[in-house]
Amino acid sequence: MPVLSVKNLVMHYRTKKGYVRAVDGVSFDVGVGEVLGIVGESGCGKTSISMAILRLLPENAEFRGGQVLFDNGNETVDLVGLADSAMQKYRWKGISMIFQSAMNSLNPVYRVGDQILEAMKRHYSEISKEAARKRVEELFRLVGLDPKRMRQYPHQYSGGMKQRAVIAMALACDPRLVIADEPTTALDVIVQDRIMRELKRIQKDLDMSMIYISHDIAVIAEISDRVAIMYAGKLVELADTLTIFERPMHPYTNGLMNAFPSVVGQKRKLRTIQGEPPDLLKPPSGCRFAPRCSYADGRCKEADPEFRILEEGHYVACFHPVEKEGCLIKGVTESAE
Amino acid sequence: MQNSPLMAVRSLKKHFDAESKLFSKAKLFVHAVDEVSFDVEEGGSLGLVGESGCGKTTTGRVIVQLEKPTSGEILFKGRNISEFNKSEQMKYHREVQMVFQDPYESLNPRMTVFEIITEPLNINGIGTRRQKEERARSFLNQVGISPAETFLSRYPHELSGGQRQRVAIARALVLEPVFLVADEPTSMLDVSVRTGVMELMLKLQEEFKMSYLYITHDLAVARYMCHRIAVMYLGKIVEVGETEEILSNAQHPYTRALLSAVSVPDPRVRRTQPAIKGDISKPVNPLPECRFLQRCPVATDYCRQNPHPPLVEIDEGHLVSCYEATDEA
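Chains as they are written, first to last, in our numbering: chain A, 1 to 337; chain B, 1 to 329.
Be aware that a few hints might be false.
[Said to hold, decoys possible] Think about it this way: if two alpha-carbon atoms lie no more than 20 Å apart in a straight line, the pair counts; the simulated EDC-like pairs of lysine to aspartate or glutamate are:
id, chain 1, residue 1, chain 2, residue 2
1, B, Lys-277, A, Glu-198
2, A, Lys-16, B, Glu-158
3, A, Lys-93, A, Glu-126
4, A, Lys-267, B, Glu-244
[Unchecked claim] Here are a few chain B residues that face chain A, going by a calculated C-beta distance under 10 Å:
id, residue
5, Leu-28
6, Phe-29
7, Gly-196
8, Glu-199
9, Leu-259
10, Ser-260
Derived by calculation from the structure, the hints in this document are not laboratory data. What you are looking at is a predicted structure, and each value in this text was computed from that prediction instead of being measured. C-beta: ideal position from N, C-alpha, C; glycine also.
Just need the whole structure built from these sequences, with the hints factored in.
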């Protein structure tokens, strides 16, 4: 039984020029204790998915179909239909989020510890002050922050420390699912590496379910159990991490793999994906990747390929799935952890 | 006499006031760039790699004279640029150009693509209207924006991020510079677009025989773009050498930490945890000892008692600034 099951979700933004089809028929599951990585470029709708799940949407967002089924431990609820007041119950405690601009998601005029307390009080109104303080202390240790820093303000923190505090806040109410949206993107490599290791360790220790959103396929390769590739509002491929990197079947996935430089292994020739992503106000008919795809034919320009299963656990939305070489490094064999 | 390198930076220092006082002079200084020296040969490319705040962008800005150095020299074709007279100065500004990181900020939103690209020509009084149009068209084609005609009258907001950066590159190239300072030109771009801009820069280097200083935080990108890599830490170059040599045989503990912190697009690879302590600080009135001392996993008493180690050649063209790596510790 998955923790979260997104079924054919359609969420568009209403604008003066028409509907922006940010999320257009997306389906995926997240299992218990699983990390699902979602990869995509800016504007492909990956952040919109997370905002839609948590219903943190601007006024012009409209659900135009589909379900977001969340298993809260006792029952399964469809978050799409919930009233705002009912949704409150699930934020932080059921599903919490580590935002992209974590640096800016702390309130500068409150002590960091108090901000986390605040988030907890909403869901545990009966918790005593002392117990809550203990819990925050515990959270600080969990994310590698000195509990003495609870009384400090965000400006006294470095970028990496703020990011840790935001992670602590996301974990405060023992969520069943954490959505991490580019949590390390603005950080320097060494800090990024530390935060990722920390996040992965906590996720394993707590057997937490997580959706990790990033544009960086190298980060995704390291943290995810399964990977979904998103392009122009749709998922184009979904499989376990090794399969995606070993033999991507969608031409776009393959293009991404071949466009990504690495510091390890033989220097390979990088290949460019021609063109640019489409405007989601008027996406091309048929397959949205077709205008950039070297395999595309007449059919691709007319019909929209179904997101279908091609082998156990491997979904691809393409009329011409190709088994291509991914970006695995030659000479490396699977090593046990 | 040996040919002098195209661009040579000698003991470059740039200090900024760390406190602003109205009536007295500042006593605290950020040593953003501190005794930095390097060469870029004709047709060569040097990657200046480091974390934010290491001084890599400041170094680039000093070279194109957007900042005045505190001390040190920049030698262009063997001549000190601070000794240039006015016309030589103009020539230098034609021959040395810069591409900035953020294509959303570096283009004037009120100018059309045509105006943006031809502005450098106007400033230098080159060409008639027709020649300029011809030139703008040919450079847009060069940077892969076609059909060029349909873009000339557009404004930056009508372009995508990749297109903007291509226009910014076209503007930098329109005077046919021999040296380009590229400050993270691809870091704001998406993966599928980034490779295109990287390839474009490599192609242009080949075609125009251009040399460049490529400033980036991303070692993987530097690997594809540069013949040589210099790693900077808190205003100092700690290691420099041929790109593949640096990647496979890094000697400075900071370079090693940086390398092992980079994620690898292969789920089977288990990277070793970077051996490095603490967080990066700011080089405000730094102590004389090695800048990396506080975070160094291999520091010895020798490192604590001696000044910042000099850059020493340990192999042909491979220089390291570390007592431990050069067996002095």
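Flag every earlier hint the structure violates by its number, smallest first.
5, 6
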